[in-house]
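Undergrad: Under our numbering, residues 13 to 64 are what the sequence shown spells out, in order.
No wet-lab data here; the hints were simulated from the structure. The beta-carbon is built from N, C-alpha and C at its ideal position, and this holds for glycine as well. Please note: incorrect hints may appear among the correct ones.
Claimed, not checked - FRET-style restraints, in silico, Cβ to Cβ:
{"hint": "1", "residue 1": "Y29", "residue 2": "R49", "range": "29 to 35 angstroms"}
{"hint": "2", "residue 1": "I64", "residue 2": "F37", "range": "27 to 33 angstroms"}
{"hint": "3", "residue 1": "H38", "residue 2": "V59", "range": "27 to 33 angstroms"}
{"hint": "4", "residue 1": "Y29", "residue 2": "V60", "range": "19 to 25 angstroms"}
{"hint": "5", "residue 1": "D23", "residue 2": "V59", "range": "28 to 34 angstroms"}
{"hint": "6", "residue 1": "L63", "residue 2": "R20", "range": "26 to 32 angstroms"}
{"hint": "7", "residue 1": "F37", "residue 2": "A16", "range": "15 to 21 angstroms"}
{"hint": "8", "residue 1": "E32", "residue 2": "V60", "range": "23 to 29 angstroms"}
{"hint": "9", "residue 1": "K61", "residue 2": "L19", "range": "16 to 22 angstroms"}
{"hint": "10", "residue 1": "M13", "residue 2": "R49", "range": "14 to 20 angstroms"}
{"hint": "11", "residue 1": "K26", "residue 2": "K47", "range": "17 to 23 angstroms"}
{"hint": "12", "residue 1": "F37", "residue 2": "L63", "range": "28 to 34 angstroms"}
{"hint": "13", "residue 1": "R22", "residue 2": "C52", "range": "25 to 31 angstroms"}
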Amino acid sequence: MLLAQGLRDRDIAKSLYISERTVKFHLNNLPPQLKARTRCQAIYQAVVKGLI
Numbered sequence: 013m014l015l016a017q018g019l020r021d022r023d024i025a026k027s028l029y030i031s032e033r034t035v036k037f038h039l040n041n042l043p044p045q046l047k048a049r050t051r052c053q054a055i056y057q058a059v060v061k062g063l064i
């Protein structure tokens, strides 16, 4: 996961050839799906659950 590697939204967007707004949209939806409050907690939960 690019976010777990420390990339910023802008860099993730460039890597995936999508807009930065699209990246922000999807990353803002990530924490609730993993029952986390922040992106950092979402990354931790994804690692714990073996998703990344």
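Undergrad: Hints numbered earlier in the text: which of these fail when held up against the supplied structure?
TA: Of the numbered hints given earlier, those the structure breaks are 2, 3, 4, 5, 6, 11, 12, 13, listed in rising order.
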